[in-house]
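Produce the complete structure using the sequences and hints provided.
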Amino acid sequence: MITSAPHAHSGLTTGTVMQRVLVAALPGIAAMVWYFGPGTLIQIALAGSAAFAAEAMVLRLRGRPPGPTLADGSALVTGVLIGIALPPLAPWWLAIAGSAFAILVAKHPYGGLGYNLFNPAMAAYAALLVSFPDAMSQWPGPRPLLSDGTLPGLVDSLQRIFTGQHAAPDGFTMATPLDLFRHNSGLMVQQFQTAHPLFARGDLAGVGWETVNLGFLAGGVYLLARRVITWHAPVAMLAALVLMALLCNDGGSSASRGPPSLHLFSGATMLGAFFIVTDPVTTAASNRGRLLCGLLTGVLVFAIRAWGGYSDGVAFAVLLMNLAAPLIDRITVPRAYGHGRARQHHGAPPE
Amino acid sequence: MSPARTFPGGILLPAHKHASSATPIRTPALPPELFLSLGDATPLVAVGDPVLKGQLLAAAGSDGLPVHAPTSGHVARIEFAPRAEVPGHRAVLIPDGAERWCERTPVNPATRTLPELLAAVRAAGIVGLGGGGFPTDIKLAPTHPIDTLVINGMECEPYITADDRLMREEAGAIVAGMRLAARLLGDPARILVGIEDDKPEAAAAMTAALAVADDPREIVIVVLPSRYPAGGERQLIQLLTGRQVPSGGLPRDVGVVCFNVGTLYALHRALALDEPLLSRIVTIAGGACREPANYRALLGTPVAHLLAASSYQPARCEQLLLGGPMMGIPLDDVQAPVTKTTHCILAATAAELPPARQPQPCIRCGLCADVCPASLLPQQLLRHAVARDHRQLERHHLLDCIDCGACAYVCPSAIPLVDHYRAAKAEVRALRAERGAADQARRRFEAHQARVARQSGERSARHAGLIGTSADHDAPASAPVDAAPVATDLLEQALARAGAATPRRAPLERALSAAENRIAQLETQLAALDATATEAQRNGLRARLEQARLDGDLARQRLLALPAEPSPTPDGNPQ
Amino acid sequence: MGSAEFLTQLPAALATLATLAVLAAAVFGRATHADRDIDIDIDIGIQGLQTAERELAAQIEDLLPQTQCGQCGHPGCRPYARAVAAGEPFNKCPPGGHATIAAIADLLGTPPLALDPEHGREGPKLVAYIREAECIGCTKCLPACPVDAILGAPRQMHTVIAAECTGCDLCVEPCPVDCIEMIPAPVRSALMARDQRPPVAA
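Each protein sequence line maps, in turn, to chains L, H and X. Using our numbering, you'd call the opening residue of the first sequence number 1 and step up by one each time. Using our numbering, you'd call the opening residue of the second sequence number 352 and step up by one each time. Using our numbering, you'd call the opening residue of the third sequence number 927 and step up by one each time.
This list has only true hints and no planted wrong ones.
Quick partial rundown of chain L residues pointing at chain H, CB under 8 Å, derived from the structure:
hint, residue
1, SER4
2, PRO6
3, HIS7
4, ALA8
5, THR14
6, SER74
7, THR230
8, PRO334
9, ARG335
10, HIS339
Simulated restraints on C-beta separations:
hint, chain 1, residue 1, chain 2, residue 2, range
11, H, GLN709, L, ARG227, 22 to 28 Å
12, X, THR977, H, ARG802, 25 to 31 Å
13, H, ASP684, L, GLY67, 35 to 41 Å
14, H, ALA878, X, GLY1049, 24 to 30 Å
15, X, ILE1087, L, GLY67, 53 to 59 Å
Please keep in mind that the hints were generated in silico from the structure rather than gathered at the bench. Computed from a predicted model, the values in this text were never measured in an experiment. Ideal Cβ positions, reconstructed from N, Cα and C, are used throughout, including at glycine.
Spelled out as structure tokens, the structure:
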């Protein structure tokens, strides 16, 4: 075999990159388990193994060697993200259907890893949300707001997920902070926050939801530190979200779309900013392009939350920007060395 | 001077330099044979001739580089070397061990004029020793005003320490060469010496050498952080001056000329001591050598000779490279000779350079774009290179890639990116050449049409003025019936000219068979014409057929008449 | 309530509009410089159809091999390009072959056609070569060459400047002694590089 330069390699593999993403998701997952019960872990296990199995099956069907592609863990990451996004006590087939959709419809028809147009996890989430809106909105209330023992344990969760008992009659499901703001019935923001237990303890974005978002933010910082992602897309998305919230902030009237802090630390904001918008396959290639992509995602997330039909808009915003990414790539080719505006002519005075 | 400037991207690499930088430069024993590539240079010696050290063996060919004898001895053979880097002829010189010099006439360079100095540089065969191999005399005669001379002492690739050792041991000569280069370049206002911070001894030696003689110019040694590829010419210029060499241009376009320290050393030896370039410093490194070191190797020394001097263990060697681990090329023949651009031989073990992993799909992680020193988007280039989308490749500035390999080094999918870009670059260049040739053809066609139009205009003007006098002479040759006598006349003259000395059979036979071929062709064409053909087409073909028959008859007659004198006039009557 | 509602929505509406405007400006502002495909459409809208056709002809001409051989039945590549722009079939250029046909089809947005065999067949690129020993110096090939790539004078041996020869073979016919032949053009090294591409991962 003819070897070619460079002969040295950093030793970094795709598997390492995916491992780091999984590690970075841990704090957020831990917060979810603490506040919303161990159901999330079951969903992650279900979705992860379903994604893994679907990937293996498709690779076999396509006649590709499954070993290296499965080992890199990209399917696992997709599954884990789906598991995180699902309500903790959603029925078992929801996770499996989502993972199957992600791998079989959103990923491989486009050519598999590296070629998919849409983020598979978000495509699956959107498909589930549209198809099973009821099951997808059954979020339990955060642990501190429930009377002791209401939050199901591991065994109870397993039972609920697999036996198909719907969680609703037990009275522990609760509207998410974003839901509450959508259906705010004529209260000023301040009244609202004092009235509802989710905000009662001075939480800006809802008990539990805040911590979960902080967890994913911590994971994002880890990813930034390990240079798995660049700051451009997340910072642009968060900045756009804050900017839109500020622009639309009317001092807390009853028609308010919610203060910036709510948008920043509620819903899937941090998960989206650091784990979804940064998905390199489906976002723009250049840093400038990523800034633009992140910015527009932030605008869309707010627009969907404020004026759209769903309480959270991360998945739809990401999918819309996935569509725009190739176009953004075309208009954001970076200035290469030797093409600079700053080109100095010979004889320029030395600085 | 603040070294605050930077270049985008770059990577930190394990240096692996201490093994070979610790020992002083060694002078190896004379090898049994030296192999000197001649290219298209004109040999001035014959096989068996005794030669002296420094003697001119071959006058410069198209590359402008003469070949000198690196040591005294005799020319054993001149042979074809098909496996050489550039296949061609080479001279094999057997040293006699005496190292007898040819006559040298050192003249103080300060007393010589610039053209004399340039001629001396050219005669010494000096090229850029950093790896570029560009003739130094061309760089020293710049067409633009130069305000900055950049000296490259970076040596950013791992393992290589040739420039490091040279700066430590010969800083005085390097500084002397630097002054000569500055003088030839019209005394640029400042001289910037870039040295990486992992070579403090070299920087100290250079500082000391500069302190010896004071200079009114601004000469600054800038110690720069080690970051690959900071030693790339364009990156170093950006680091030191903040200027970017324009795409497709040369450093002189921004008032800069850049020299490697080894080149300056050679320049000093050539101008002060009248020594042509006969040797260079070569690093022998890697875990498969028990004693990594630098060697002052005569040009033409087989690599195997230097490897042996460093206790090379072939069994442990996984990859033998000509050059460093980032840009080196695999060396499959250990008998390959040291050339002017050989700066390192790396005999790496499997632990040092593990074999490449199987490439995985690109996940567009963008690490490659983060490290690209030319601010390209390697992941997009890969996509377009695989799709052969040449327009997009040009939009993404493929040709500004410098092959540094930083992208492939960090790629988690182990994609051989540089290979893809090299293949794509060759395609883009070929397409550009094709496009350029088509444009050229169009321009020439337009010029041709313009000229034809002008001439026909002139001709009709002349006709109008001089009816009858020159009409016969200027009859347009396009009418086939008119052309016949002219052609016969030409053929006549040609035959007369050929036959005047010695009547030859072969040309006549060829003319005859050619005419017969044409007759056959034209007859079939005529027969193939259907009812839709115009009368003009038919007449044209008939006229050409007539002409072909005339030519054939003429040739036949000539052939028959060959033993005797050629007949003065052709019969001109077919059948 | 009405005015309060309006006030709260106004900034958001403005921001969304501004974003869309920036995006549109970025896309179309760049495109007019960088992207000729979009250019054509814009030009047709703004300027007259005649100008558009002339521009189209220029773009088609850019895609032609500039052999100037006349095999298409037109005296040169530009007249052929004009004819194609005016609606003539674009499958009459054997030197350009399928690649040129595909490029023109791409430009016109129509499916590609098969090369019309009436105008010749696609073959390797050729250059004219004069067997110099046989050349009689008649100069008849000189005016035939559309790009003036033949060097010669009366009664002097002629030669083809290979680098300038387009391979049109118009010089072969006028030669009275048939000493001009068409030989394959030297292969470019880059074409070899195509076969040395590294494997692409799945």
